[in-house]
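Visitor: Just so you know, the protein sequences line up as chains L and S, in that order.
Numbered according to the UniProt record's numbering, the first sequence terminates at residue 270, and the numbering increases by one at each position without gaps.
Numbered according to the UniProt record's numbering, the second sequence terminates at residue 270, and the numbering increases by one at each position without gaps.
Hints listed in this document are in silico derivations from the structure and should not be mistaken for laboratory results.
Wrong hints could be hidden among the right ones.
Each pair may be met inside one copy or between any two copies, as identical chains are not told apart.
To be verified - 25 Å max Cα-Cα, derived DSS-like pairs, lysine-lysine:
1) Lys66 / Lys78
2) Lys174 / Lys257
3) Lys163 / Lys46
4) Lys98 / Lys8
5) Lys110 / Lys8
6) Lys165 / Lys202
7) Lys68 / Lys125
8) Lys78 / Lys234
9) Lys165 / Lys209
10) Lys125 / Lys165
11) Lys213 / Lys2
12) Lys257 / Lys149
13) Lys78 / Lys249
14) Lys216 / Lys98
15) Lys202 / Lys110
16) Lys163 / Lys126
There are 2 protein chains.
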Amino acid sequence: MKEEYFIKNIKSKHIGDDAAVIGNEVMASDSFFEDIHFKKEWMSLKDIAIKASLVNISDIIVMNAKPKYALLNIGFPKSYTLHDIKELTEGFNYCAEKYNYEIIGGDTIKNDKLAISMTFIGECKKPVFRKAKINEYVAYTGDLGDVKKELNMLLRGGKISKKSKFIRPRLRDKFFYKAAPFITSALDISDGLFKELERISKISKLGYKFFYKIDKRIGCSGEEYEVLFTFNKKYLPKILNIAKLTKTKVTIFALTKRGSYKSKCRENHF
Amino acid sequence: MKEEYFIKNIKSKHIGDDAAVIGNEVMASDSFFEDIHFKKEWMSLKDIAIKASLVNISDIIVMNAKPKYALLNIGFPKSYTLHDIKELTEGFNYCAEKYNYEIIGGDTIKNDKLAISMTFIGECKKPVFRKAKINEYVAYTGDLGDVKKELNMLLRGGKISKKSKFIRPRLRDKFFYKAAPFITSALDISDGLFKELERISKISKLGYKFFYKIDKRIGCSGEEYEVLFTFNKKYLPKILNIAKLTKTKVTIFALTKRGSYKSKCRENHF
């Protein structure tokens with residue numbers, strides 16, 4: 001609410017998408033803070049650096065752009081050992097190599113907690129925005145719901161697998177880049193399916209006709225980093241074919257229609 | 001020291017300047033955190049937003065670039081009122097209008113303290129780097145030393161004028177853009193004159209022949225955001241003329257020479 005007030009008061013026509021598009025460049029920026037987005041007991045420092053990178057790369061991918069450059073602002077406690085710092089840099093370098101971009105700047109400061117903000121610049125010929133049309137299929141990649149379970153487990157003091165999606169989001173770049181020419185609107189599911197549906201609804205001024213009821217356990221699970229997207233019905237064979245080709249599960253669950261839509265999930269920051 | 005280890009371990013050829021240059025774009029990113037860079041009793045929220053912006057714009061200017069776009073990552077406490085948030089946005093918008101750039105993205109999160117990270121993208125035809133040549137004049141703009149005094153006053157619980165340079169850095173854009181064609185190397189004085197001289201020394205592999213002894217009160221005063229620069233002797237009349245034209249005090253205090261140079265200031269984060 002206050003966050004929205006802040007954003008509304010910043011005078012800019014570009015704010016509001018996953019990333020801003022300027023010419024053929026796409027820019028996105030996201031923070032990843034200790035005790036806001038993660039607790040340090042939950043993940044290794046390398047995993048933290050990787051997730052801080054992936055949540056940004058995800059924004060770039062769903063705009064149909066490729067990450068080219070990143071700027072990294074990091075604050076960490078004095079108490080960190082050189083080994084700790086090495087672990088962090090290994091995580092940042094791992095992602096930069098895997099996704100083929102370069103970390104070109106930023107700054108490092110001392111802070112009482114680990115605080116990471118990254119800005120990515122991506123290159124893109126034909127960006128995909130968040131604006132859907134009426135009478136399109138609505139779909140998401142992968143399975144939703146596990147991250148909410150994993151997060152609850154962590155909040156209760158339990159342990160989760162290092163391969164869990166909460167620790168290591170699985171980005172859908174292979175599917176998305178191929179499917180993008182047939183996709184009308186897309187965003188990544190960072191705040192839960194229902195919240196992202198609300199975002200598309202607001203921007204596109206439309207509602208949804210659901211094919212079946214989606215449980216809150218699925219619709220309110222945040223930080224999934226799966227892709228929510230809409231597409232013209234005629235591209236159904238294309239989409240399904242690309243899903244098969246790239247071994248990506250795609251769940252088609254609604255049609256866009258006239259109307260509006262509001263999420264009923266509670267805000268899920270811990 | 002640990003910060004340097006971090007930076008050395010990030011694989012990039014661009015890190016190390018005020019800003020990274022890619023094509024005709026310049027990118028810089030800096031954080032401005034409560035209790036690291038400022039205490040909230042010291043300045044209004046509007047002043048904080050303005051300073052967080054200016055320290056970044058300063059990096060862009062000394063590369064001889066004009067700011068075009070900014071991404072803003074901000075974390076603030078739940079307890080902030082809508083009035084607080086309005087003050088912050090007024091500060092950000094003030095700078096965006098004054099320096100003619102657009103805030104195109106970023107994110108807002110809840111955090112226990114105010115934490116601002118900004119990334120600026122600037123446009124530039126002929127960037128100025130940090131690499132000086134031998135036998136050049138070394139100079140800085142304005143007066144140095146006041147910010148250290150102001151900071152000490154604040155740390156002792158005293159008050160300083162709202163017009164003091166600690167609260168409102170005075171950027172030298174008018175002088176610098178005109179003088180840039182005659183300048184070999186430049187950077188802004190964020191960590192103190194001596195520390196910035198060390199940076200030029202390391203990158204350019206040279207030392208300095210000082211014309212007179214510079215007191216630590218001047219040489220170790222950080223956050224001045226004046227410009228340190230070197231230039232070919234033959235451009236002395238040009239530089240002095242532009243200084244006069246733009247009403248900018250310029251102090252020429254050394255010549256670059258073979259050798260090396262190390263700052264003797266203590267690190268000055270409080």
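Visitor: Each hint needs a verdict: does it hold in this structure or not?
Guide: Hints, one by one, checked against the model:
Taking the shortest Cα distances, Lys66 and Lys78 never come within 25 Å of each other, neither inside one copy (35 Å) nor across copies (35 Å). For a Cα distance limit of 25 Å, the shortest separation of Lys174 from Lys257 qualifies neither inside one copy, at 29 Å, nor across copies, at 55 Å. Taking CA atoms no more than 25 Å apart as the test, Lys163 paired with Lys46 passes inside one copy only; the shortest distance there is 13 Å, against 44 Å between copies. Within a single copy, Lys98 and Lys8 get their C-alpha atoms only as close as 36 Å, which misses the 25 Å cut-off; across copies the closest is 20 Å, which meets it.
Taking CA atoms no more than 25 Å apart as the test, Lys110 paired with Lys8 passes between copies only; the shortest distance there is 17 Å, against 31 Å inside one copy. When the C-alpha separation of Lys165 and Lys202 is checked against a cutoff of 25 Å, the pair qualifies neither within a copy, at 28 Å, nor between copies, at 44 Å. With identical chains, the CA atoms of Lys68 and Lys125 are at most 25 Å apart both within one copy (13 Å) and between copies (21 Å). Proximity of Lys78 to Lys234 under the C-alpha cut-off of 25 Å is found in neither arrangement, the shortest distances being 57 Å within a copy and 47 Å between copies.
Taking identical chains as interchangeable, the C-alpha atoms of Lys165 and Lys209 are never at most 25 Å apart, the minima being 29 Å within one chain and 59 Å between chains. Taking the shortest alpha-carbon separations for Lys125 and Lys165, neither the intra-copy value of 30 Å nor the inter-copy value of 44 Å comes in at or below 25 Å. Within a single copy, Lys213 and Lys2 get their C-alpha atoms no closer than 31 Å, and across copies no closer than 52 Å, so neither meets the 25 Å cut-off. Taking the shortest alpha-carbon separations for Lys257 and Lys149, neither the intra-copy value of 31 Å nor the inter-copy value of 64 Å comes in at or below 25 Å.
Proximity of Lys78 and Lys249 under a CA criterion of 25 Å is satisfied in neither setting, with 44 Å inside one chain copy and 39 Å between copies. When the C-alpha separation of Lys216 and Lys98 is checked against a cutoff of 25 Å, the pair qualifies neither within a copy, at 34 Å, nor between copies, at 47 Å. Taking CA atoms no more than 25 Å apart as the test, Lys202 paired with Lys110 passes between copies only; the shortest distance there is 23 Å, against 40 Å inside one copy. Taking the shortest Cα distances, Lys163 and Lys126 never come within 25 Å of each other, neither inside one copy (33 Å) nor across copies (47 Å).
In terms of the numbered hints stated before, the structure departs from hints 1, 2, 6, 8, 9, 10, 11, 12, 13, 14 and 16, listed from lowest to highest.
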